[in-house]
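With the sequences and hints as input, model every part of the structure.
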Amino acid sequence: GENVEQHPSTLSVQEGDSAVIKCTYSDSASNYFPWYKQELGKRPQLIIDIRSNVGEKKDQRIAVTLNKTAKHFSLHITETQPEDSAVYFCAASKAGSARQLTFGSGTQLTVLP
Amino acid sequence: EAGVAQSPRYKIIEKRQSVAFWCNPISGHATLYWYQQILGQGPKLLIQFQNNGVVDDSQLPKDRFSAERLKGVDSTLKIQPAKLEDSAVYLCASRELRGGQSSYEQYFGPGTRLTVT
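Taken in sequence, the protein lines are chains A and B. Residues in the first sequence are numbered from 5 upward in steps of one, following our numbering. Residues in the second sequence are numbered from 114 upward in steps of one, following our numbering.
Once the Cα atoms are required to be at most 27 Å apart in a straight line, the calculated DSSO-like pairs of lysine-lysine come out as: (1) K26(A) <-> K61(A); (2) K191(B) <-> K124(B); (3) K26(A) <-> K75(A); (4) K61(A) <-> K98(A); (5) K191(B) <-> K128(B); (6) K175(B) <-> K196(B); (7) K184(B) <-> K124(B); (8) K26(A) <-> K72(A); (9) K61(A) <-> K46(A); (10) K98(A) <-> K157(B); (11) K184(B) <-> K157(B); (12) K175(B) <-> K191(B); (13) K46(A) <-> K196(B); (14) K124(B) <-> K46(A); (15) K157(B) <-> K191(B); (16) K98(A) <-> K72(A); (17) K26(A) <-> K157(B); (18) K62(A) <-> K75(A); (19) K128(B) <-> K46(A); (20) K175(B) <-> K157(B); (21) K46(A) <-> K157(B); (22) K46(A) <-> K191(B); (23) K98(A) <-> K175(B); (24) K61(A) <-> K72(A); (25) K26(A) <-> K46(A); (26) K157(B) <-> K72(A); (27) K75(A) <-> K157(B); (28) K46(A) <-> K62(A); (29) K26(A) <-> K62(A); (30) K128(B) <-> K157(B).
Just a sample of chain B residues kept apart from chain A, beta carbon distances all over 12 Å, derived: (31) I125; (32) N165; (33) F178; (34) T189; (35) E198.
Quick look at which bits of chain A chain B covers, simulated, 3 or more residues with Cβ under 8 Å: (36) 46 to 57; (37) 103 to 114.
Calculated directly from the structure, the hints in this document are not laboratory data. Note that the Cβ used here is the ideal one computed from N, Cα and C, for glycine as well.
Quick look at the structure:
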């Protein structure tokens with residue numbers, strides 16, 4: 005089955021700096037890669053996603069890049085703000101009606117004011 | 114649109130007791146998932162339904178866990194008997210099926226935090 009590895013497990017940055025979180029996946033058939041943000045005690049919320057026919061996608065301060073050859077994808081957050089502090093999870097999914105998500109282990113991002 | 118609803122939000126039970134969780138997905142979402150999220154880890158899929166049928170329950174510990182979605186809408190997840198290692202947040206998620214084509218995004222409920230003592 006699919007295996008998703010995520011690094012780093014914790015990340016502290018100064019407010020205004022950039023943050024990068026990296027994930028690798030094992031199944032070359034995976035074609036959908038979402039990123040979820042989970043604040044303490046709350047539900048995971050989708051912040052951005054990318055499909056395998058695209059190499060990069062950007063939404064304001066958040067961007068995701070995908071390297072299918074190397075089977076890795078990354079989340080980039082620029083101009084970080086304290087409200088960006090949360091746990092971020094990457095995930096991977098294959099085509100087909102099941103579209104099951106395999107999640108990484110999460111990154112605790114702390115933005116220091 | 115209303116989100117995925119779950120209840121209860123918190124539950125504390127002793128080991129060997131039984132417990133049930135309820136999920137109401139977003140209206141019209143055919144696919145429903147139950148995940149287990151242990152503290153400090155990513156969600157792990159337990160079972161997936163499409164309408165009222167099970168798509169995948171390969172990771173469900175069937176000796177103690179069961180789930181159903183009888184009318185293709187609400188779902189319940191039951192644990193009987195509970196073990197200490199079942200302490201986790203149980204998340205329900207749903208996904209839309211549009212005209213036979215499945216969408217990608219899963220919407221999560223707030224979860225039920227289970228503590229087994």
